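S.K.: Based on the provided sequences and hints, a complete structural model is requested.
Top line first, the protein sequences correspond to chains A and B.
So my numbering is basically just the index in the first sequence, starting at one, shifted up by 1112.
So my numbering is basically just the index in the second sequence, starting at one, shifted up by 4.
Derived by calculation from the structure, the hints in this document are not laboratory data.
In this text the structure is predicted, and so the values were computed from the model without any measurement.
All C-beta atoms in this analysis are idealised placements derived from N, C-alpha and C, irrespective of residue type, glycine included.
Hints may be right or wrong, so weigh each one.
Okay, the calculated beta carbon distance ranges per label pair [claimed, not checked]:
| id | chain 1 | residue 1 | chain 2 | residue 2 | range |
| --- | --- | --- | --- | --- | --- |
| 1 | B | Gly19 | A | Val1217 | 20 to 28 Å |
| 2 | A | Pro1145 | B | Ser119 | 18 to 26 Å |
| 3 | A | Val1217 | B | Ser112 | 36 to 44 Å |
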Amino acid sequence: MLFFRSKQEAQLARVKPDTDDKLFTEIIRAAEPQLLKLWTQGQTFHQGSTQCKEELISDKKVGGSYYNCQPHFWQCFWQGGVTGSKPAIMVELFGQTYEVRANAVFPSIPAYSEFPRFYELLKLSGTGLNLHSGYKVELSVKEIPGFTQTLLLTDTCRDTYLPERIYGYGKRPASGEGFIWDNFGRRIFLDKFYVTNQMVNEWLILNNLADKIITDRSLWPLPASLPVETQKKYCSYFGKRLLSAELFDAATMTPTDFKNPRPLKVVRAQTPWQRDLSKSFLGVARINPDYQLTPLDCQLAQVKGCREKYFTTDSSSWMGMNFALGFFPESLANTIDPASTLKPSSRFLEASSPWHELGVRTSWDGKVSENIVAFRCYEEVEP
Amino acid sequence: MMYFFLFISLFSFAGPPRKWENAKGIVEKHEFYKNNEVILKPQNSWQSLFALTFLDSNFNLSKDCVYFKVPGDEAGKLKIKAVPHDVECSSEILAAGEVEIADISDFSFSIEESSARMSFFQNKKRELWSITTVADWKKPQPALLLSSADYKSPAIIYLAPGTTSQQKHTGIKDGIVCHNIASDCQELSPSQCRNCDHGWMEIPNGCVTGPKICGDAVCGGKDQPACRRGIVWQRNEQTYDCRSNTSFAWCSGKLSVVCDGDKAYCR
Chain A
1113 MLFFRSKQEA
1123 QLARVKPDTD
1133 DKLFTEIIRA
1143 AEPQLLKLWT
1153 QGQTFHQGST
1163 QCKEELISDK
1173 KVGGSYYNCQ
1183 PHFWQCFWQG
1193 GVTGSKPAIM
1203 VELFGQTYEV
1213 RANAVFPSIP
1223 AYSEFPRFYE
1233 LLKLSGTGLN
1243 LHSGYKVELS
1253 VKEIPGFTQT
1263 LLLTDTCRDT
1273 YLPERIYGYG
1283 KRPASGEGFI
1293 WDNFGRRIFL
1303 DKFYVTNQMV
1313 NEWLILNNLA
1323 DKIITDRSLW
1333 PLPASLPVET
1343 QKKYCSYFGK
1353 RLLSAELFDA
1363 ATMTPTDFKN
1373 PRPLKVVRAQ
1383 TPWQRDLSKS
1393 FLGVARINPD
1403 YQLTPLDCQL
1413 AQVKGCREKY
1423 FTTDSSSWMG
1433 MNFALGFFPE
1443 SLANTIDPAS
1453 TLKPSSRFLE
1463 ASSPWHELGV
1473 RTSWDGKVSE
1483 NIVAFRCYEE
1493 VEP
Chain B
5 MMYFFLFISL
15 FSFAGPPRKW
25 ENAKGIVEKH
35 EFYKNNEVIL
45 KPQNSWQSLF
55 ALTFLDSNFN
65 LSKDCVYFKV
75 PGDEAGKLKI
85 KAVPHDVECS
95 SEILAAGEVE
105 IADISDFSFS
115 IEESSARMSF
125 FQNKKRELWS
135 ITTVADWKKP
145 QPALLLSSAD
155 YKSPAIIYLA
165 PGTTSQQKHT
175 GIKDGIVCHN
185 IASDCQELSP
195 SQCRNCDHGW
205 MEIPNGCVTG
215 PKICGDAVCG
225 GKDQPACRRG
235 IVWQRNEQTY
245 DCRSNTSFAW
255 CSGKLSVVCD
265 GDKAYCR
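M.R.: Here it is in structure tokens:
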């Protein structure tokens, strides 16, 4: 009959610890799933608006993913700035409800606000933790004063794994297989989104350059605009590298046979969602100058004429990376063709532009210009 | 003042130290004592029973050694001493502990994979200490949509309360070999690359895992290590040796793969 007891009954059946320190620990452990949800799925809490202008500005142009693993959302939530949400995690345990809270015990960051922080971003290289950074937070339980628990939250929202298989680089070759390679035995993780101004701000603060941060909150979710050498430095600081062209192609050219990681022929898809460009809206737009963009087109590839939107996941590629075509021009390291370091397909070009095709790249002088050149990082981890 | 605290710790305690609530692991278990066996021999000797590891607030791995003085001329004594994680408990067995509990009888302990228990009488009162390590984290298999953070560590890392070491962290500097692999593909020493300041780069040598150096240098450039191209895309099982087949590596633009011993570089 034990199998049929409800979860609550099962909890009641557990023996309540006889000391406050053990009870405190059990409450914190029980709060873990909700805590993780708040941290990694901030978007589910961000239903309405926020009232913490120093941390976040609610903007319909910004997709929900911006709020996931987002320290400013964490700060806003615990400051009581998320409309409709009490800044607490309620835990039912041993027939009682306990209120778990985060403590504002970390130094304020005057560049953001004078309010003490509910988190501290730390560089962790050399700690043996196998993490380059993490967010330290402190929790307490209202009903058991005098105890605190410090813990570290990791950024599990940032990147995604590139499966091991044989990949092709570049456009569909006229003959032969072109350049192919494989990543068997390697653990490569690619940023899902562009590096934002907010992320660069965090990096600047870690390097005692708070006076250089972008203070306009409305710009924080936008891709950071940096010279290529600074892009590389940013990635390197976190043990990562600037995304490379062959990895970009691997992440965006959908394989024809997922089950076979060693295909005899490596097919180069021309778009992430249609193998042949001619069958996609981009192909139709090339032959029809009057083509009218649909909302679905703009979800797949934000091109000229589409509404501006950031942190959308509608364009996700087969392995979870976003913004394969359209959106922003993107800087890429390229050791195969060193002169081809820019993905030009972007929201600055008409849908009919021949630049909207996977594997098509051009040169970039690496300097900041009027149009943002976005970038992202990747990390190779030891197996 | 110090004697006052020593007095307090000798004669009053309220269960195991709180930091043990965040124990990561149990190590250095006594070689001979069996689980739940009342410890009676060798009389009057100090024995190192086991140690608990945990992360302190400064992310250093710390260790609490648990010692027991076997009853003989006088009653047994339990001693707990914090030592750096790389110090063997046996080397500190005669040092004073942070916690020492005297007048102990009927002492036994047991160790399981992720828990420890100690049972004893003190002042005719039975004490039962149970310690459970923080949920054991197992490295996941890499899979679609898995993040690097989830692959490398638990999503939440608990830090032991009341413990702050002053040890500073220093990562491994750029250019230092962090994983030494011989030309016959044998690992010469365990990888330290996780401690590199700015990531690491593999120098391809045709092995499934090649040697690695710390740093953010880019592969494929002039006088740089070649980029790893893999040993599967060729679609034929063979041994890759830099001198006979360099298809496992590539170089930038017009540079060529050249061999420095078994390692592939670009010139």
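S.K.: Now tell me if each hint is right for this structure.
M.R.: Hint check:
1. Checked against the hint of 20 to 28 Å, the C-beta distance between glycine 19/B and valine 1217/A comes to roughly 26 Å, which is consistent with it.
2. As the Cβ distance of proline 1145/A to serine 119/B is approximately 22 Å, the hint placing it in 18 to 26 Å holds.
3. For the pair valine 1217/A and serine 112/B, the beta carbons lie near 41 Å from each other, so the given range of 36 to 44 Å is met.
Comparing the model with each earlier hint shows no violations; every hint is respected.
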